[in-house]
Structure formats: C-alpha cells, structure tokens
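Here the protein sequences come in this chain order: A and B. So in our numbering, spot 163 of the first sequence is number 163, and the numbers just go up one at a time. So in our numbering, spot 82 of the second sequence is number 82, and the numbers just go up one at a time.
Incorrect hints may have been included.
Where chains are identical, the list cannot tell them apart; a pair therefore holds if satisfied intra-copy or between any two copies.
[What the hints assert, rightly or not] Derived lysine to any residue pairs resembling SDA-like cross-links, with alpha carbons at most 20 Å apart:
1) Lys-96 to Ser-38
2) Lys-285 to Gln-94
3) Lys-96 to Ala-178
4) Lys-135 to Gln-156
5) Lys-135 to Thr-155
If you're looking for bench data, these hints aren't it; they were derived computationally from the structure.
If you want the building blocks of each chain, they are given just below.
Protein chains: 2
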Amino acid sequence: MTKTNDVIAADIGGTNIRLARICNGLILEEVRYQANFSILRNMSKLEAENHILHTIEQAMQQLHHDNVQGLGIGFPGFFIGNSGVLAASPNIPQLKNFALAKKLSDILHIPVTAQNDALCAAIGEQAFGAGQGHKNLLHITLGTGIGGGLIFNNTQYTGESGMAMEFGHVQVAYENQARLCGCGNHGCVEAYASATAIAARYKELAGLETSSKAIYQRAIDGDTQAADILESAGVYLGIAIAQAIKLLDIRTVTISGGLVGAWNILHPNIMVSLNANLIPPLKGKISVIPSNLQDNAGILGASKLLG
Amino acid sequence: MTKTNDVIAADIGGTNIRLARICNGLILEEVRYQANFSILRNMSKLEAENHILHTIEQAMQQLHHDNVQGLGIGFPGFFIGNSGVLAASPNIPQLKNFALAKKLSDILHIPVTAQNDALCAAIGEQAFGAGQGHKNLLHITLGTGIGGGLIFNNTQYTGESGMAMEFGHVQVAYENQARLCGCGNHGCVEAYASATAIAARYKELAGLETSSKAIYQRAIDGDTQAADILESAGVYLGIAIAQAIKLLDIRTVTISGGLVGAWNILHPNIMVSLNANLIPPLKGKISVIPSNLQDNAGILGASKLLG
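With the rest of the complex left out, here is chain A:
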C-alpha cells in the first residue's frame, strides 16, 4: 500500500489520551479517551509499561493508520535527547528508562518517536501556531500544571537529561510562607498560577470549589476575589518569565493551555511584572502571546516529531 503523508500523533496526559491522524498540521480524524493513569502507580514497572503500550495500540485501531508515515507521541516525562526513551515520569515513579518509542514500533511495525509533552507543544506552536516565523521560542503550557519548552535556533533544547524547561518550578517566592508545590518545594510558580493553584486559592478565600474557567467568569462578572486571584497569577507568571528570559534571552513567549481563556486578565499583569523584573536592555522587548491552536499545540507538535 502506498504511504500517504499522514502521521498519527498522540497527546498523552494524566487524565486524557488523544490520538489523531494528521497531515501537514491538519487534523483529519481523532479519538479521545479518558485514561486515569493514577492506576499505574499501583502496578509493577512491566505492568505499567504494558498498560501504556496496550492503551496506545488500542487507540490506534480506532483510526485509519495502515498507510501512515509513523506515530509521534507527546508524553508527560523526561526523554533522553531524541531517543524516544522515557528516562522518568514524575507522576509514575516506576517508569524509568522505558523505551517507549522502540517498544511501540516493534508492536505497530511503523516508525515511532516520543518527546516531552510541553516540548511537543512548543514544536506545534512554532510550526502551526502563534510561534510561526520565530526560530527562537519559549513556550509555556498553562493548565492543571505548568510546563515549558524551548526552541533555540530552530533546535529543540532538551537539556542534558530531558529535564529542561521545568518552568513550573521556577520560584517566585522564597519567604517561609511561600506556597507548597507538588514537587515538595515552596514558592514554585505552579503553586501560584496553575489552574489547580487558582482553584485552590479561590476555595481558600471564597469557600467555593469551582474550576479556573468559572473563576474567570466570576471575575468578569465583578467578583473581586476571583479577579485578585487571577491578577496575582499573572503577576507571578511575569516574575517567572523574567527569570527565564534573563537566562535564555528569547524575545517571543507563547502560552497554551486552559488558562489562556483568562488572557484578558492574565496578560496585562504578566507584562507589568515581566518588564519590572527584566534587565534594562530587555525591558519592553519581550512579546508574550497566546496560542491560537486551542488545545492542539501538543498533538500538532507530536505530529512533527517524525521530521
């Protein structure tokens, strides 16, 4: 059978799995599954690996995939260079040195590559979204957690062990009362500006458990507590971006993820604190722009992994 230019791309998350057949950035068909990967924590390494392989293989069967170029996977974890080997995944501790791409390739008999999910979002944003035309790009994923991906000189920056751009753990507060982050440290920007943190803060102050999306709507409707929390999240994001820019010297920052819906409140606050915290020659020189790919940055980036 003649190969098409189509590829299968997978966007693996902690609660959702999504696979799509994609041609040049165009999603032709897709499937979404709820996949509670927290059950993996109670499995052995081999069981967890097989569960992941089987889940992806099963999802593939729902798509036309006989004549595709291959499969590209965005996965929440640390990959060694472009090897497709998952060195570690913070939420699934037993998954160490898991040759995800190689094992799937052996099962599916097609080329498979895999890379960190936030880096995939950066690749997708540069290729098809708000980062188009920029050979240097810092991309931030702003959802239940906060991640980052860097492209410098059109090259993915993975770091020495695939752990680069742990942007969510840049610290924006160092006081004793700084908020506790899931990583165990205090003061990480993820503890101030992720959807999880925003919802937790609103529950703390207003006594109501609701989503960050609903909190944004409340802010728009005049709820000053909701507005304060989102403004403050923007301020902290700006501080964290400033630290990154002082090290990376990148002029264009794109942001994707669920919280982009609160852009009208976040963006002005990001810009004020970003510019306040930069060195003088960089003040006013950084663009922070929202993704225009809805929730597709990651899966479109995964579709580009095969080259």
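Following the hints, complete the assembly by docking chain B onto the known chain A.
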C-alpha cells in the same frame, strides 16, 4: 612569514586589560594594563570606539604577533551570535552596534573575533579547565559582578541577542526589603553574592571597608560576621543555580573568579540550598566545581574563539 599556531587573546575588563600570546592553552607571553573604562562614559560613540580600538592595538605591539593566526577578544557586553558585533555594553551605554571584530581586523590585518567575557570563561573552562570532558556546562563568573556562560552539546548558547545567561540577575529574594542591584531591580543574586556585595555587607555590619578576600581570611580567623556573610552568599548562589538548572538541565556547573578563593565556605552552603531548591529527580545530581585556571578562564576561552 610562516604562520604559527599561536593566537593573541584579549581579556577586556572594566578596570584591567590583558593580552596574551597563547598556543594550545599555553600562555607564552602577556601584558596587563590598568584601563579605567569609566572615562569612556563621557566620550561620544566614535571617540569611545576609537579609544577601545587604539588601546587594544597598542597592547598588541607589546607582544610578538607578526605570525599569529589572529586575535580573540573577551569583552563585557552582548554580541550578536558569532558576528563579533557588540550590540550593547551595560557599562558603556553609547557603545551600540559596534563592529569591534571587523574594525580591529581592518586595522591589524589579521582575523579577529570577539565574544561576551563570561561566555569566553565558559569556553576556556571547558577546553582547558574544570569543565574538560563535559559537552554540557554552565559556567559562572564570580567576581566584582556575577556572569554566566552556557555550553550545550558543545555549542555556545548566546541567546537571541547575545544576552543569555545574565545569571547575576536571577532573583533570589522578592520581598520589599530585597537588596538593590546595579541593574535597578531588587533581589538579584549579584546583590547578595558578588565580591562587591560581600564587601558592602561587611561594611554595613562590621563598619569596616575591606576586600572580599580579607573578609574570607577574617572568617577563617573566627570573625562570625564575616563567616555569616560568606555562608549567606553561598546559600543565595545555590538558590540562583537551582533556578538555572530547573530551566537548563545541566549537570556540571563550574565557577571562576576572585571569590573562588572562598570556596571552603561557599561550596557547602551552595550545595545545601541548591539541592533544597531543585526538583526531586535532579537533587544530588549536580556537580558544582571550582575553576582550576586561576584568572585565566576568560583569556584562554578568548584564544579558542578563532576555532
């Protein structure tokens, strides 16, 4: 005349200029000048440029240079890629878009390259010093100011506009009382851990104006104020290094500069706060090692710029 493998390297600082003839990392002869570049601030752009060109040209005459491969220059400023064009120099504001390498090459009739001084130190440390054998290296210059240079996959990371690794301006305190930095912001690590900051803090607490070197000797001799200040500088350095590592994912950090003399006090404090502030998979994985090149990292790096 037959060319040798020798090059001339220059290490240009705010108060000192040093030129050396170097062959494969070996300094064959050198000259040092005091050069108070603060006088440049009162000159026009053209006068300042000519003063710098003339100063380097004059210094060249003191060395055997007839048969060298060329001249490599480490200069405190931001260079666009490997163009040798000085985009800006924070301490000499009128020096913008100064084609330093090209103009010197026209005068001297030999190949000339120029790059940021801290990046030169990183190159020198990797080629000849404590960074040997590491293709990934974060180098920190710890003297009157604090700078940084990154080599990833054996490639110099310059950033989009030559301003990458402004490590001295990573913030380690955000409170209202955070110390004022020369850049105008508060809380930069340079305001806590540079030789200048250490001397200023000692004057503040002990009422005595002395050098960071003398403060280290006092700490060794039992002066608890001196020891506290140096220990605190180490703690803040560790915090700043943690922020950088969470973005860059580099396992080896080398430090050069005058304060390396206080290593016995700095290093244990750096390591405690570094490991406390990293994400779990990086804790205990980072080596922070002192330069073994005395004050030669920068000039040896400059000698490698010609390739």
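Identical-chain pair category, Lys-96 with Ser-38, by Cα at 20 Å: Close inside one copy (16 Å), not across copies (55 Å); limit 20 Å.
Within, between, both or neither: Lys-285, Gln-94 at alpha-carbon 20 Å: between (43 Å within a copy, 19 Å between copies)
Homomeric proximity label, Lys-135 with Thr-155: Cα distance no greater than 20 Å: Classified as both: same-chain Cα gap 8 Å, cross-chain 17 Å, threshold 20 Å.
Alpha-carbon proximity between Lys-135 and Gln-156, which holds within one copy, between copies, both or neither at 20 Å: The answer is both: 10 Å in one copy and 17 Å across copies each meet 20 Å.
Intra- versus inter-copy proximity for Ala-178 and Lys-96 (alpha-carbon distance at most 20 Å): For Lys-96 and Ala-178, neither the intra-copy (31 Å) nor the inter-copy (41 Å) Cα distance is at most 20 Å.
Checked against the numbered hints given earlier, this structure breaks only hint 3.
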